[in-house]
Amino acid sequence: MWQTALIEIEGAVSQANFSTWFKETRILKEEEGVIFLGVPNSFTQEWLYKKFHNSILRILRQMNDRVRALEYVVIKDEERRGTESKKGGFIAPTLSMPLQDFYINKEDNLNPRYTFDNFVVGPFNELAHAASQTVIKNPGHAYNPLFIYGDTGRGKTHLMQAVGNQIKKLYPEKKLFYMTSERFGSELFTAIQENKVQQFKDRYRKYDVVIMDDIQFFANKEKFQEELFHFFNTFKDSGRQLIFSSDKHPNIITGLEDRLRGRFSAGMVVDIPEPDLESRMVIVRAKCTTHNITLPDDVVEHLASSIEDNIREIEGIINIISCQTQLKNKQLSLNEIKNILKNNTKPKKTLSVKEVVKIVSDFYNIDEESINNKTRRKEVVRPRQVVMYLLREDFSMSFPSIGEKLGGRDHTTVIHSYEKVKEEIKTDTLLSQEIGQVRSML
Amino acid sequence: MKFETNLQKLKESVALVERVAGKHITLPVLSCILIEVKKNIAILRATNLDVGMEISLPIKSQNEGIVAIPAKTLFSFLSQISDQNHVVQLELVSGNIQITSAKTRGVIKTMPIEDFPSIPSILEAEQFTLSSELFIKGLKSVYYSASVSSVKPELSSVYVYKDTGGLAFVATDSFRLAEKKLKISIPSQFNDILIPFKNVSEIIRALEYIKSDVEVSSNKNLISFRAGDVYVVSRVIDGVFPDYRQIIPKSFTTEAIVLKQDFINALKVSNIFSDKFNQVHIVVDPKTKVFEIQTKNVDIGENKTLVDAALTGERVEINFNYKYIADSFQSIDSDSISLQFSGLNRPMVIRPVSGEQSFMYLAMPMNR
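Line by line, the protein sequences give chains A and B. So in this note's numbering, spot 179 of the first sequence is number 454, and the numbers just go up one at a time. So in this note's numbering, spot 204 of the second sequence is number 675, and the numbers just go up one at a time.
The hints are simulated quantities; they were obtained by calculation from the structure and are not laboratory data. Each residue gets a CB set at the ideal place from its N, CA and C atoms; glycine is no exception. Treat the hints with care, as some may be off.
[Unchecked claim] Taking lysine to aspartate or glutamate pairs in the EDC-like style, the calculated list, with each CA pair at most 20 angstroms apart, reads:
1. K325(A) x D806(B)
2. K721(B) x E590(A)
3. K325(A) x E585(B)
4. K523(A) x E462(A)
5. K326(A) x E507(B)
6. K381(A) x E585(B)
7. K739(B) x E785(B)
8. K325(A) x D586(B)
9. K623(B) x E299(A)
10. K304(A) x E457(A)
11. K381(A) x E788(B)
12. K613(A) x E644(A)
13. K617(A) x E785(B)
14. K496(A) x E462(A)
15. K325(A) x D521(B)
16. K603(A) x E788(B)
17. K680(A) x E699(A)
18. K381(A) x E507(B)
19. K691(B) x E321(A)
[Unchecked claim] To be clear about the criterion: a stretch of chain A counts as covered by chain B if any three or more of its residues have a C-beta under 8 angstroms from a C-beta of chain B, and this derived list gives those stretches:
20. 319–326
21. 597–610
22. 696–709
Let's have the full structure, built from the sequences with the hints guiding it.
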């Protein structure tokens with residue numbers, strides 16, 4: 276329609292005028308008789324309106340009598356992009372910054388890089404992935420809130436942002452917003468200072484989906500928790516989706532109000548545990564493809580088995596490998612990679628038995644000495660077994676020396692405790708969480 | 472149309488708007504300055520449809536009217552004439568403009584004014600006032616780092632956003648990045664803007680002409696500056712600037728503190744021998760207290776220059792494009808600068824050591 280109109284306009288105005296003002300215009304959409312005409316800039320917008328508005332409108336009406344009005348809209352620069360192609364074959368000798376990874380959408384704060392296409396699903400995060408898919412199918416109703424927890428570097432942020440990006444794609448009319456709880460907190464803080472709490476509330480309440488990352492920062496911050504609580508209620512009652520993440524299960528985040536805890540658990544709480552070896556290998560391979568490098572199988576296996584619990588660390592190592600491959604212009608040998616690993620991963624900390632005992636006894640709030648004593652009080656037995664388990668599992672001490680260090684016990688006692696804890700954590704979630712927490716303090 | 476005005480004033484205003492007037496544009500009238508004569512005031516306008524500028528000039532008018540004069544001709548002519556009384560007279564005589572000073576008279580052909588577009592103004596915008604001097608400083612400190620290619624419009628722009636306690640100016644072409652922070656009180660609802668790099672120099676020139684405080688308005692598509700007799704409006708890029716803060720290294724492995732002038736001199740010497748990529752090789756070895764710049768060109772020769780420096784951290788050997796380092800010095804006022812390295816594929820951070828420390832520069836190393 277616009278093409279035909281342009282031909283008529285071209286006849287009516289001078290060639291110079293036509294190529295200046297009409298060349299880059301197009302009809303964006305038509306809504307109830309209102310035509311939205313896309314123009315390249317505000318200068319054109321203003322001038323078309325001033326000078327040619329009536330003539331354009333007349334021509335459009337002749338072609339289609341339903342046309343009631345004409346609006347001019349400046350076309351976003353991004354949409355016009357891509358008409359210029361990059362110079363082929365030219366390689367800048369200076370490395371460029373990885374800026375393309377840091378485009379964050381202003382309206383929803385999501386990073387478009389995080390999608391399900393590059394999200395590796397393995398046995399370890401299957402449940403979290405499935406829960407997210409259910410939420411995407413029916414946002415606001417299926418699991419509300421969706422609470423994802425797991426240690427740092429397990430892909431919580433990726434998963435949540437991917438859910439956001441997917442919801443955005445499937446339901447363009449839904450307004451959503453991603454933020455870290457830190458941001459929520461600091462904005463609330465400024466709002467309180469400037470006496471603009473109401474505006475703050477209104478701003479967030481207009482969204483249909485809110486994704487809040489790292490909720491554990493709210494621990495011990497009562498005012499924030501209160502605000503979040505109210506926010507939560509208004510949100511959930513009106514059937515809007517909330518997605519949270521944290522490094523721990525809501526029930527064991529210390530300094531969190533019970534009423535919030537209850538609400539977090541009311542929807543679906545899923546855990547992203549440590550990735551298994553196969554998944555880690557898939558992740559290593561996926562990262563290699565994005566970096567355009569190929570690694571032999573033994574290297575992949577070595578990487579996957581040396582970095583156990585942190586996917587982000589895997590990413591870091593692959594980054595280094597890719598850079599070094601580029602620099603040296605050849606594939607790295609397994610030995611070179613082992614070296615990189617040695618220099619760039621967190622060294623396993625060495626702790627004395629005494630320190631482990633102290634941390635565990637502090638955690639359970641018992642006297643340090645009682646671990647070494649012969650007492651069989653229940654509140655001491657559990658921590659003592661945990662100490663033994665940790666010393667064996669994480670520090671690979673021999674059973675006899677553990678027994679010796681802990682008040683001269685027989686090694687069979689230690690074996691028994693170790694096996695007991697090992698069995699129990701499979702069924703007792705409370706115990707396994709406790710151990711997880713102790714581990715994070717070591 | 473006929474009026475008389477101060478020659479010097481007219482020269483200055485024409486010089487300013489002439490830069491904006493379009494060159495080689497499909498619409499010939501855009502290469503003109505439009506002069507609208509009213510009672511005691513003349514308004515000069517020019518635009519290239521990316522930037523628009525208006526200057527009003529006090530005059531003694533006899534007849535009102537509007538005329539479009541080719542900017543280049545008017546500017547070249549005016550800049551050559553003089554008058555001991557500093558007065559010039561312009562008169563429209565049968566479609567041509569006749570310019571008369573004491574000894575010189577010129578007649579320039581005009582163009583039809585009908586097609587000269589209006590210069591947009593911003594309605595319903597956020598408005599605030601700030602010192603033009605500070606804004607110039609912000610722009611000048613960073614705009615040379617913007618990308619000259621138009622493939623990514625957001626990178627061929629200067630990004631201005633509200634930071635705690637003021638405004639931050641950032642520009643990058645992805646090989647280096649400059650950031651300047653200024654302490655200015657800004658209304659809390661100020662939205663980020665991307666000013667196209669090629670309009671920045673016109674804006675700077677207009678602000679330098681203004682000198683005083685300036686009223687800034689912006690919306691999604693435009694930013695404008697208004698002060699007294701000057702109005703300048705520029706298109707802004709409706710896009711997203713990458714979250715560049717994630718690229719700034721948070722720690723470093725090696726640091727060198729050098730006198731800026733020493734470093735510049737050493738780089739100048741090195742540049743004589745640099746290759747076609749302007750590659751300079753920097754060696755920092757805190758153990759042996761060596762900070763050395765090396766260049767080598769198979770066709771010319773090679774050189775090594777030592778620079779006195781305070782060094783800490785690990786040994787590093789790394790290559791840079793000379794130009795990308797040298798560019799940063801124009802924005803650094805202090806005597807000493809700090810160079811921080813954090814690995815072979817990470818950017819080097821350059822900061823002033825004393826005085827105003829609101830400037831930061833990142834330069835990416837070369838990969839060979």
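Verification of the supplied hints:
1. K325(A) x D806(B): Not satisfied, since the Cα-Cα distance of roughly 55 angstroms exceeds 20 angstroms.
2. K721(B) x E590(A): holds (18 angstroms)
3. K325(A) x E585(B): holds (12 angstroms)
4. K523(A) x E462(A): violated (24 angstroms)
5. K326(A) x E507(B): It holds: about 19 angstroms lies between the C-alpha atoms, which stays within 20 angstroms.
6. K381(A) x E585(B): Cα-Cα ~41 angstroms, so violated.
7. K739(B) x E785(B): violated (26 angstroms)
8. K325(A) x D586(B): holds (11 angstroms)
9. K623(B) x E299(A): holds (19 angstroms)
10. K304(A) x E457(A): With Cα atoms ~40 angstroms apart, K304(A) and E457(A) exceed 20 angstroms; violated.
11. K381(A) x E788(B): Roughly 39 angstroms between the alpha carbons, so the hint for K381(A) and E788(B) is violated.
12. K613(A) x E644(A): Distance ~42 angstroms between K613(A) and E644(A) Cα, so the pair is violated.
13. K617(A) x E785(B): Measuring from Cα to Cα gives roughly 17 angstroms; hence the hint holds.
14. K496(A) x E462(A): holds (14 angstroms)
15. K325(A) x D521(B): holds (18 angstroms)
16. K603(A) x E788(B): holds (15 angstroms)
17. K680(A) x E699(A): The hint is violated at about 24 angstroms.
18. K381(A) x E507(B): violated (42 angstroms)
19. K691(B) x E321(A): holds (15 angstroms)
20. 319–326: With 6 residues close enough to chain B, the hint holds.
21. 597–610: Contact hint for the segment 597–610 of chain A vs chain B: holds, 3 residues under 8 angstroms.
22. 696–709: Contact hint for the segment 696–709 of chain A vs chain B: violated, 0 residues under 8 angstroms.
Of the hints listed earlier, those the structure fails to meet are numbers 1, 4, 6, 7, 10, 11, 12, 17, 18 and 22, in rising order.
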